[in-house]
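Let the sequences and hints guide you as you build the complete structure.
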Amino acid sequence: MPQSSINRSDSGAPQAAESTSFPPNSIISLFKELITLNYESTPATAQVVGLHQALGRAAMGMTRNKHKMYLILARSREICNDVLAALESPPDSNNWEFQPEIVLQDLDKFYTLIDTLEEVLLEVADVMPSELEALGPTSPSSWPQSRAALTKIWTRLEGAPFD
68 MPQSSINRSD SGAPQAAEST SFPPNSIISL FKELITLNYE STPATAQVVG LHQALGRAAM
128 GMTRNKHKMY LILARSREIC NDVLAALESP PDSNNWEFQP EIVLQDLDKF YTLIDTLEEV
188 LLEVADVMPS ELEALGPTSP SSWPQSRAAL TKIWTRLEGA PFD
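Following the numbering used here, the numbering of the sequence shown begins with 68 at its first residue and continues without gaps.
You may find that some hints are simply not true.
The calculated lysine to aspartate or glutamate pairs, modelled on DMTMM-like cross-linking and capped at a C-alpha distance of 25 Å, are [said to hold, decoys possible]:
1. K176 x D149
2. K135 x E145
3. K135 x D193
4. K135 x E200
5. K133 x E186
6. K176 x D230
7. K133 x E168
8. K219 x D230
9. K133 x E145
10. K135 x E155
11. K99 x E225
12. K133 x D193
13. K176 x E107
14. K135 x E186
15. K219 x D193
16. K99 x D193
17. K99 x E185
18. K176 x E186
19. K99 x D149
20. K99 x E200
21. K99 x D175
22. K219 x E145
23. K135 x D175
24. K219 x E155
25. K219 x D149
26. K133 x E155
27. K219 x E107
28. K99 x E145
29. K99 x E155
Now the in silico label distances, taken between C-beta atoms and shown as ranges [what the hints assert, rightly or not]:
30. E155 x T130: 35 to 41 Å
31. G226 x K99: 25 to 31 Å
32. A192 x H134: 14 to 20 Å
33. L171 x R124: 32 to 38 Å
34. T205 x D175: 19 to 25 Å
35. L174 x R214: 35 to 41 Å
36. L189 x R214: 31 to 37 Å
37. L199 x K176: 32 to 38 Å
38. Q172 x T109: 15 to 21 Å
39. G128 x L174: 25 to 31 Å
Since the hints were derived computationally from the structure, they do not count as laboratory data. Heads up, the beta-carbon is just placed ideally off N, CA and C, and yes, glycines get one too.
Here you go:
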């Protein structure tokens, strides 16, 4: 598996890549950056986290549209980290009154976020086989369709409910 490296001290590092908790000035592999999360998954998030990590592993073998795929996976990682952080630190029960309707709204938002992320990652999984095929005489014909699909996926990750 190819291992690209990113020097964390470079000021030109993409902002999305800086959300992981790697030590400053350390050398990490792109592979690890794509799949490493800041928190452990929970039973509610295990499937979507596993899907994200499987796609991150597969992305290292891509032959085209790598930049778009890496951006998508970096955004997916950010969303996973945000969800897991929210689960890690629930609101302080001493500072708020229990209001069932608010709790239910928050749970609905949380599950909508997880379900939508899973849908988006499954769309990525649908595009992945054509991105993994070796470059050959037929690959240029499907390249624009794959690029368009990845652009659509990126647009979804930048919109509701992720914004």
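| query | Which hint numbers does the structure go against, in order from smallest to largest? | reply | Those not satisfied are hints 7, 10, 21, 23, 24, 26, 27, 34, 36 and 39.
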